[in-house]
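Produce the complete structure using the sequences and hints provided.
Chains R and F, in that order, give the protein sequences. Letter by letter, the first sequence follows residues 386 to 790 in the working numbering. Letter by letter, the second sequence follows residues 65 to 170 in the working numbering.
Think of the hints as simulated: they come from the structure by calculation, not from any bench. Quick caveat, the model's predicted, so the values are computed rather than measured. Glycine included, C-beta positions come from ideal geometry on N, C-alpha and C. Some hints here could point you the wrong way.
[Unchecked claim] Label pairs and their computed distance ranges (CB to CB):
| no. | chain 1 | residue 1 | chain 2 | residue 2 | range |
| --- | --- | --- | --- | --- | --- |
| 1 | R | L608 | F | N153 | 37 to 47 Å |
| 2 | F | H140 | R | A626 | 34 to 44 Å |
| 3 | R | G734 | F | D81 | 40 to 50 Å |
| 4 | R | A468 | F | G85 | 40 to 50 Å |
| 5 | F | D81 | R | S787 | 13 to 23 Å |
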Amino acid sequence: MTERVVIIGAGQAGAQAAASLRVEKFDGAITMIGAETEPPYQRPPLSKAYLQGALEKSRLYLKPVEFYEKHSIDLRLGVRASAIDRAAKTVTLEGGEALSYDKLLIATGAPPRKLKAPGAELAGIHYLRSIADSDALGPVLKSGERIVIVGAGYIGLEVAAVARKAGLPVTVLEAMERPLQRVAGPEVSAFYADLHRSAGVDLRIGAMVAGFEGEGRVRAAVLKDGETIPCGAVLVGVGAAPETGLAEAAGLKVENGVWVDDHARTEDPAIWAAGDVTNHPSALYGRRMRLESVPNAIEQGKAAAVNMAGGDMVYDTVPWFWSDQYDVKLQTAGISEGADARVVRGAPGERKLAVWYLKEGRLLAVDTMNDPPSFLIGKKLIAAKSTPDPKILADSAADLKSLLS
Amino acid sequence: MPKITFIEHSGAEHVVDADVGLSVMEAAVRNSVPGIDADCGGACACATCHVYVDAAWIEKTGKPEAMEESMLDFAHEPKENSRLSCQINMTADLDGLIVRLPEFQG
Numbered sequence: 386m387t388e389r390v391v392i393i394g395a396g397q398a399g400a401q402a403a404a405s406l407r408v409e410k411f412d413g414a415i416t417m418i419g420a421e422t423e424p425p426y427q428r429p430p431l432s433k434a435y436l437q438g439a440l441e442k443s444r445l446y447l448k449p450v451e452f453y454e455k456h457s458i459d460l461r462l463g464v465r466a467s468a469i470d471r472a473a474k475t476v477t478l479e480g481g482e483a484l485s486y487d488k489l490l491i492a493t494g495a496p497p498r499k500l501k502a503p504g505a506e507l508a509g510i511h512y513l514r515s516i517a518d519s520d521a522l523g524p525v526l527k528s529g530e531r532i533v534i535v536g537a538g539y540i541g542l543e544v545a546a547v548a549r550k551a552g553l554p555v556t557v558l559e560a561m562e563r564p565l566q567r568v569a570g571p572e573v574s575a576f577y578a579d580l581h582r583s584a585g586v587d588l589r590i591g592a593m594v595a596g597f598e599g600e601g602r603v604r605a606a607v608l609k610d611g612e613t614i615p616c617g618a619v620l621v622g623v624g625a626a627p628e629t630g631l632a633e634a635a636g637l638k639v640e641n642g643v644w645v646d647d648h649a650r651t652e653d654p655a656i657w658a659a660g661d662v663t664n665h666p667s668a669l670y671g672r673r674m675r676l677e678s679v680p681n682a683i684e685q686g687k688a689a690a691v692n693m694a695g696g697d698m699v700y701d702t703v704p705w706f707w708s709d710q711y712d713v714k715l716q717t718a719g720i721s722e723g724a725d726a727r728v729v730r731g732a733p734g735e736r737k738l739a740v741w742y743l744k745e746g747r748l749l750a751v752d753t754m755n756d757p758p759s760f761l762i763g764k765k766l767i768a769a770k771s772t773p774d775p776k777i778l779a780d781s782a783a784d785l786k787s788l789l790s
Numbered sequence: 065m066p067k068i069t070f071i072e073h074s075g076a077e078h079v080v081d082a083d084v085g086l087s088v089m090e091a092a093v094r095n096s097v098p099g100i101d102a103d104c105g106g107a108c109a110c111a112t113c114h115v116y117v118d119a120a121w122i123e124k125t126g127k128p129e130a131m132e133e134s135m136l137d138f139a140h141e142p143k144e145n146s147r148l149s150c151q152i153n154m155t156a157d158l159d160g161l162i163v164r165l166p167e168f169q170g
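Right, here's the structure in full:
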């Protein structure tokens, strides 16, 4: 009998898994369910090139629409799954249809956290995850009115850069002590604070939002210290939370994400999970983690597919991330959490900088700004669990390649 | 529509149609050419769409910019004719372009 794979979620991880299943010569039925009406697409440009209007929508699509039909992937768009019945091995869709599966992949991702504050439901308060969100934000950039951005993380800062380029007055409100605080060291935060302030962004640190004012539509953000900032729109970028509802309701283990092993498999041998939604082990770091990144979605989606097709693939890669703001490319390799030392290469004034994070001499991570060599070498050193000489890391004149031998 | 020939390390050839305005990487991904990973989707951030441009085409594809060049330096076996295919945009002039793929990316 034909084996049936159902994939819940048509984002980067789900789409990768579907494509990889066919590469692995899986010849059973594949059904992929997507809540959005667009075919699988890349999200990173939604806060960058696409938002600026520099990229056509069709160029966001991961594969041409014909790809799915050609590879017998039944793509069901604009449909949500409402329940997983593990005993009956079915996924129920909103509307009542039940899809039987032999193997199931949960790839539901991590939608934005919602801000809870008075007035947070007003029109003109935006979040950014989908093409529809980016399309809604596009016209705001032409308004000329101030945009208030809540949260100085990747999304908030990328949108701030695009909005400044479009000529908008921009205020960024960060509740913590520095931008990118959750993901980067103080040198990186200082670099980005300078970058945005010199581009004219009104960046407020330690700024707590009390709520929003407006008649139906937001006209101002109000801070806890009482200050009112008039604006035409608000973008909220305060992190994402894994979409674990279906897994949890089905009795799967959920703890900051769907709990999977190093083969991307849940405790149910018929169910795998991949991408932003998973909490997975990392042998490299000797602990579990949940990552929000494209490379994680691609590699874990691939591993899940290989294993669903009967193969044996461990998922344990060096996490990496990137962000484009103005003329600066940030590339991060590894996870800096737990570092006991930081080494800086380059001078912040140069708009080129690398910050290396070490723990007991071992390289955990590197943040690089306009410095691809440090990023690419760092990635290799991290994978090899290297203990590179900090003097060479810090010396811009020293050849980093010497660390690879 | 302009065509591009991708030649895998094994010698296998893929001739694909490439819309003007798309990058060479996008033409490869849209046509499922194996060996072009393009993890970052064309942001010049990952160096997994490395190709070698056929000698006859180097003048037309042009030289890499500084950021791309420093990424290429760390690709697998970079050569004089190495490019990141996400940074080559298709034009009518590039109809018939031939690129070869490295043994692996990264």
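**Hint check against the structure, violated hint numbers in rising order** = 5
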